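The chain contents come next:
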Amino acid sequence: MSDVTFPDEVVTESRLRLVDIPSGTFGLISLDNGRDHTRPSTFGPQGLRSLQAAIDEAAATPGIVGIGVTGKPFIFAVGADLSAIGVVADSSIIEEFAKLGHDVFRRLGELSVPTFAFVNGAAMGGGLELALHCKYRTLDASAAGLSLPEVFLGLVPGWGGAWLLPHLIGPQRALDVIINNSMNQNKQLRPAQAAELGVVDVVFEPADFLEQSLAWADDVISGRTRIERPAADTESWDQVVAGYRAGVDARIHGATPAPYRALDLVAAAKTANRDDAFAAEDTALTDLVMGDDLRASLYSFDLVQRRAKKPVGVPDKELARPVTKVGIVGAGLMASQLAMLFARRLQVPVVMTDLDQERVDAGVGRVHADIDALAAKGRLSADKASRLKGLVSGSTDVAAFAGAEFILEAVFEDLSVKKEVFAAIEDVVSETCILATNTSSLSVTAMASDLRHPERVVGFHFFNPVAVMPLLEIARAEKTDDASVATAFAVGKELKKSCVLVADAPAFVVNRLLIRYLSEITRAVDEGSEFEVADRAMNPLGLPMSPFSLLQLVGMGVAAHTSASMHEAFPDRYYLSPNLQRMLDNGLNAVWVWNDDGTATLDPRVAEVYQRGDTALDEDQIRARALDALADEARRMLDEGVVAEAQDIDLCMILGAGWPFWLGGLTPLLDRTGTSERVTGQRFLAPGVASLPT
Amino acid sequence: MSSLQPVVFVDGARTPFARAGSLYAHTRADDLMVKVIRELMRRNPSLPPERIDDIAVAAATQTGDQGMNIGRSVALLSGLPSTVPGYSIDRWCAGAMTAVTTLSASIMAGAYDVAIAGGVEHMTHHPMGEGIDPNPRYLAEKLVDPEALLMGKTAENLHDRFPHLTKERADAYAVASQEKTAKAYANGLLQPDLVPVATRDAENGWGYVTTDEGPRPGTSMEGLAGLKTPFRPHGRVTAGNASALTDGATGAVLASEGVARELGLSAKMRMVGFAFAGVEPEVMGVGPVPSTEKALQRAGMTIADIDLFEINEAFAVQVLAFLDHFDIADDDPRVNPMGGAIAVGHPLASSGIRLMTNLARDFEANPDARYGITTMCIGLGMGGTVIWERVEEDAK
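Chains as they are written, first to last, in this note's numbering: chain A, 1 to 694; chain B, 695 to 1090.
These are calculated hints, taken from the structure and not from any lab test. There could be a bad hint or two in this list.
[Stated by the list, open to error] To give an idea of the chain B side of the interface with chain A (calculated C-beta under 7 Å), a few residues: (1) 728; (2) 729; (3) 732; (4) 796; (5) 800; (6) 890; (7) 892; (8) 899; (9) 900; (10) 901; (11) 902.
Source: prediction; values computed, not measured. Just so it is clear, CB atoms sit at the ideal spot from N, CA and C, and this is done for glycine as well.
Bound conformation, chain B alone (with noise of 0.2 Å):
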């Protein structure tokens, strides 16, 4: 336990995020869950089960099938040997995020060999903010703003906050996320970290999930423009340029660096550092700008050394609020390449992992390409980063 050890990105996988209410609304959250580290464990067979030191799985409501400490539910009902331990995180939306880098933490600290972390929101099962009881002081001593606990009120404040932010430059931005998405399904770079997901209602018997149900290819500006602003009276905000209510399940297996060699595991990336940071929660969408910046401060980097960004896309206006701060284009090509949340839905607790999924395969996909983050914002006023650092295959 000596020196710090390097923590790396085994591998990544989800399940086909499913609009809620749609194709997994008879399916549990906890299947959904054990469907994914079912399939890691297959996709890594060089890993002895009894080696997982832990497991966290993140939901943003842990009750109902997504409660009962769902970490060690899952393990149990992975099939994994009952020694392997497992518990719940909870970080609203980068709760999948938080549960590697808490397990990340603990491997580098040298407590952990392998760990999984795990992320599942069924937002058909549990509708955002489902039970939830605000203490009476937000309002009574104005803490927060009223509007901080609707994200697509606090997006609004986004546009006020940034008024060069437009309502176009958010469609655009969903416009060209809808294109990424759709080139990288048609040249399959999506496919290989989707775990199929058989599906069951009493009406039309059995199906088999396959791809993500968000993506909407060819919606144009035109076709955006006409959408309802649900969040305010001619707002900018529209489910066109956010990202939808989704159903879904993400996994990775992180390893110390020496453990992933000893056992033969890959090493897709290592992770470099990461830092969470606050903000106002009326304007929670620009919670991955000081995040960020904390983050490259404490690594010694600066934006620039920066080849690759997978930033969550809650909102358009919330990335471009990122993209903006950091003088980065509208459509710089580094920023999710294989589009995202606009088109395949964001499921809160997972996504933070299918950031990491996809820089994985980004990083493949860009030899030249040194270092990345994933970066998320969070309810309540937070953002979340984790800069990550290709490995050299002479190093794996």
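Pulled out of the complex, with its shape left as it was, chain A reads as follows (with noise of 0.2 Å):
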């Protein structure tokens, strides 16, 4: 057997027990590393010959009637040490690595007797590849996190799932939990629904989950329960991966390789033998493993997990301030939002403000709506829902906000309009009570500079939607202090958002980075370049969506405000263009016309009000430019201290603006392309952080 070894691996140990089940001896295999839930169970080269070991030993036993395989509490197994595949430099311990869990794994496919995977809990890439391999599956009711995550993370079900799973529920099946959950934010299935699909055979509750999966393994073995395992249609299967490919082209442009590696796979699956399927796996593996991109996958995968979590720069949380009422200034769309997610995530009282008893009104009402409509889908029930709703009230009076502990605004992007909502809550509220302001491009010291209590103010940046967007930004003015980063820190973790500290500077991070980049792109076409070459020119990178079509989405009143700001704080580098003013002034928020098949074609009406030059680039230049001024925007940023590190940068656009893991955000890309070094004469990020080591 291999001898293959990882620094440093926690070894998950497969545990052997020899119980009696009516029909004779069973073999129970245990896995467990020894940690709690925290630390899941993963596999590294030790574990799998642990594996291997109560494996062979079980098989060995006389008159062994089956052998199932179980997880430590809340765990079933979450596949291969990704920590230690970051730090492998070597690309043949990669490739032994990946036929050692084939070897182990396919063992439970192919010995004579029936194997089981009862699945008590998450399971999750190699841990559900493991459960693939057994010949029967059962399914804890209560599991949480049932995956394929592999292609999310850049890599693909190398343990044999790419040729398992299509076999067993099909194509179209395996193909939505291998690519569509996995590029859908790396969606989770439901236990019921992993029922549904056949990834395994029966769910039971967990109360008694595993008696049940044993007397069910029983009936099995027993020949009382017959379980049927039509062959998969093989017909429409080519059709069906064509059309999935189809969507991944449409969406990435063919900017990472793994989900392409993944239907290559698939494909393959429909004729190709356990045999020649597993090593095609390895190969796509020990490729994908010693490529730029799941180098920076995991690096990104890492930020998510551990630094969202654990916001560097932020004070003691011990300093912070309870917070038991809630203010929000406006009742408009936003505000609602607003109000609402505070509700729901505090559960304290929350008052929206607004000039007139109409708006108010109707911002109650909104958030009202919202809450009826979650309990009209069963998300809450009658009596949570009429909590919340008792929890959000409305006045044109600002005097309404006294006792509060903390007060968002979130008025028109006006600094005057913003100081006299401060100025005049001043006068109702605690000394301590936090004054927050959801601005993205305004100075929050300039906001704060004529308060009596300028150190309670703080930036508390959301992005749209409120709801939906993990990320919050929390900028430090020039004289707040710890209690109130730390108080505001605290809110933030209640709302379940992801918050990382930055300096009050012009629109923070991500909406400084998207507009610098923006505004190469519509110079670009100022200066004669084709719209279409321009909206396609970031199309290697996969980004969630185009130039013109983030345009869209901001709104262009909003984008013409902010680069304005923007132009105005660092005029030689923001470059605004006359066109976006052309265009709002005649009404036109969108480039694009949309067809109904879905093609866009340029608005005639922009056509006529755009005024172009005659210098046209291709997309490789304009994609070289808009890479140029993110560098050096990003080490201005850096430098200028806006936020600690360059992680910081990248866990921002990850988590504000949808850039994909492969990119590692922003910093990675920009190192890797060379632009970093080129541009700024350094790298953002040591090789071997989020590329392959040297």
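Can you join these two chains into the complex? Each is in its own frame, and there are hints to help.
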């Protein structure tokens, strides 16, 4: 057997116990890495060898009638030990490890005795593949975390999953799991769904899951229960794979190899035998692990899993003050979303204010309607809905904020208006009540400047839609004190947002970068590049949307306004397109008109008002300009201390702009393409941090 | 509510019993009880869960995993509708027996139609005497003998009172109990009412308990003769002729006979009557004598009417005292035909229902038997007895 090792492997031991079931002696293998559920069981080489030994011992037991595998509480197994893979630089080690996994797992599918996976909890990636190798599967109805997230991470289901799953449930359902769920924010299967898809044979309630699983296994072994496994329909196989391939193309334009390699494996699975299929998986895994996309993905995953939960540079959370009442200034659309979020997560009274009763009523009404809608969907009980509605009220008088400990303003982006708002509130709240602003581009320090207590003012910048977008940029202004920052982070955490500490600099992180990049795109078009060419320029990166689609989502009014304020702040770097103002003046909010077939054509009215020069660039030139600008801006932000480290920029781009894992957010892309060294004379991250170790 | 409703024992089940500190050391007491209740529901699919009017669960120590009103708690943990209420009950060793009699009384009165009785004792998690705080008056006023709280000593006291109940007779009874249990296992008589339990500990992973851990088949007089007498130097009570400290849970479905018929539930036996009686605490083992006399008298019966006996074997001498009193031979085949607690163990508050579950099987195995009793001694000087009657096929 392979003697490959990983450094510092947290070994998942396989513990075999021979238990009696009515049919005879049954080998029950428990997977357990000796830690609690916060460190799920994973497989490194030692763990795989332990499993191999347990399987061998069970199989060699005289009279054995079956073998079952189950996990420690809440966890079945979650696949390969990624932390080690991230530091391995030798492709032969990876290939050997991939093969070892196959060699061990496949025994469960090839033994003459029936094999069972009793999936008692999270089963992701290689964990789920281990279950797929077994001949039968039971699932705990409370199991959370069932998926093949490899493509999400930049890998392929490479321990048999790409061959076993399509043969078990057909290529269409398999690709829903392997491709669609994985590329849809790593969506997990619910237990009932897993059963419906055929991924598992039967679901049992948690109270006596293992007892019922063993009783069921006994029924299967004795023949009282029969599981039919019709062969997958191979007729439509190619067509199905082609359909998913077209979907991936439309979305990421070939930007990263993992989904394509997965599609290739599933396509080949139609005719490939186990040996060839598993060998192809080994090759695909090795290729991907030895690529920068996977390294950047692992870096991104770590940012999202760890850094997002432990923000850097934040004062001690002990300093945070309790928040038992919240005020929202404004009752518009955004304010209503914010009120809903605060009421739902903090479960404290939330008061909305606006200039007239009509707006207040509309704002409160929107929140109440949202609550009713959740209740109607069964996501809130009637009592909870009633409780939440009771928490949200409105007033035209800021005096209603009395007693609040946290006020968030979401009024029009105008410094003098916001200053007036805060000044009025300061008269009715305590001196320690947080005054937070959801401004996206104004100076928080300026906003606080005339207050009696500027030390309690913070920037609290959400992304739209606030219920969905996970990022919250928390800005510390010049005089903001530690307790206020700590309180803002405590509130952000309760809102279940990933909070990043940023300096009070124009547009903070995400918008500053996005606007800089968009301004390069519009500049290229203004100079004479074709709309279509400019809008396609970023396609090879696989961003969530094209530049002009993003512009449309942001809204031409907001885009023009923030571009103007960024231009004002940094006139030599932020190009202000006169064409955007022209479009706005003509009531045009989008460049594209979307046709029924999903294609887009240039709005003729835009063509009419938009004035372009005669210097046309191609996609590569435009993309290079955009990346150069991003490298320049990101370096300046670090030099200015807008955030602590490049990692924070990347975390913000992943969570706030949806930039892909395989780019590492932003700076690994800039390093990988040589942009950072060319433009700024240095890398953002050392080689190996988010790229292949050299 | 006008006339008394006859009560039937629909079904009983239990976890395998494990020695304290052994198989269930890492398993919660309430989880053991939950597994029994869920098995009873599975075995009786025609019982709509919302028809359960109450759940009474006994435990001698009602803290920790046996606390939080374990009756209600296990109702919720078992996945029963939140409309099903539950309460906790305690009469030390006769807890489950009292859960049955109390619920049955409610059924007889017409207040309930269907109920679940249960008992659990996790003597690993809750050693005997855990957290007790005896009133100092017990000693100061000599209300009870200081030995009354140590059950082994009360058993020695019983040997003193009845000198003809020798250690040899106690050991012979114990050997027979082991033999009967081994035979019942070999014939597959005990297994049908056992609910397997999956256990887990960090070191060994998951295990699966399917049989009682206690029985020691092949126990001999010679083997027992050499055992220590931990309760008194040169005494008579040993680990071999007493029940072991044990973990386990039991449960039973009870119903009025009419509702059982309406719901299509089996009726394994019908309750004839019951009684509890007190004795001097220092000889608590003799408790079943007065409780049985009282129950028989109230039912208008005599001991001669009884065809089957399930008597808890807390100590062999205590069984002998009972048999001696009623002039029944030590090896009478009507007594504990499948063995008893000396072999399988005695998880205090749960044992009462084990006796009933056994008796229901005894009736099956002895078609001519009409009446049977379940009886047991209780710490602090009591006995409890329930008289049961075969339910004729045509009456089901």
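Cross-check of the supplied hints:
Among the interface hints, the one on residue 728/B holds; its C-beta lies about 6 Å from the nearest C-beta in chain A, closer than the 7 Å criterion. A distance limit of 7 Å between C-beta atoms decides the matter here; for residue 729/B the minimum to chain A is near 5 Å, and the interface restraint holds. Annotation: residue 732/B was flagged as interfacial toward chain A, and the flag holds, the nearest CB pair being 6 Å apart, inside 7 Å. Checking residue 796/B against chain A: minimum C-beta separation of about 26 Å lies over 7 Å; hint violated.
The closest approach between the C-beta of residue 800/B and any C-beta of chain A is roughly 27 Å, which is over the 7 Å cut-off, so the hint fails. Look at residue 890/B: its Cβ gets to within about 5 Å of chain A, closer than 7 Å, so that hint holds up. With a cut of 7 Å, the hint placing residue 892/B at the interface with chain A holds, because the nearest CB-to-CB distance is about 4 Å. With its C-beta approaching chain A no nearer than about 3 Å, residue 899/B sits inside the 7 Å limit, and its interface hint holds.
For residue 900/B, the suggested interface contact is upheld, since its CB lies about 5 Å from the closest CB of chain A, less than 7 Å. A least Cβ separation of about 5 Å between residue 901/B and chain A falls short of the 7 Å threshold, and the interface hint therefore holds. The beta carbon of residue 902/B is positioned within 7 Å of a beta carbon in chain A (closest approach about 4 Å), and the interface hint is therefore held.
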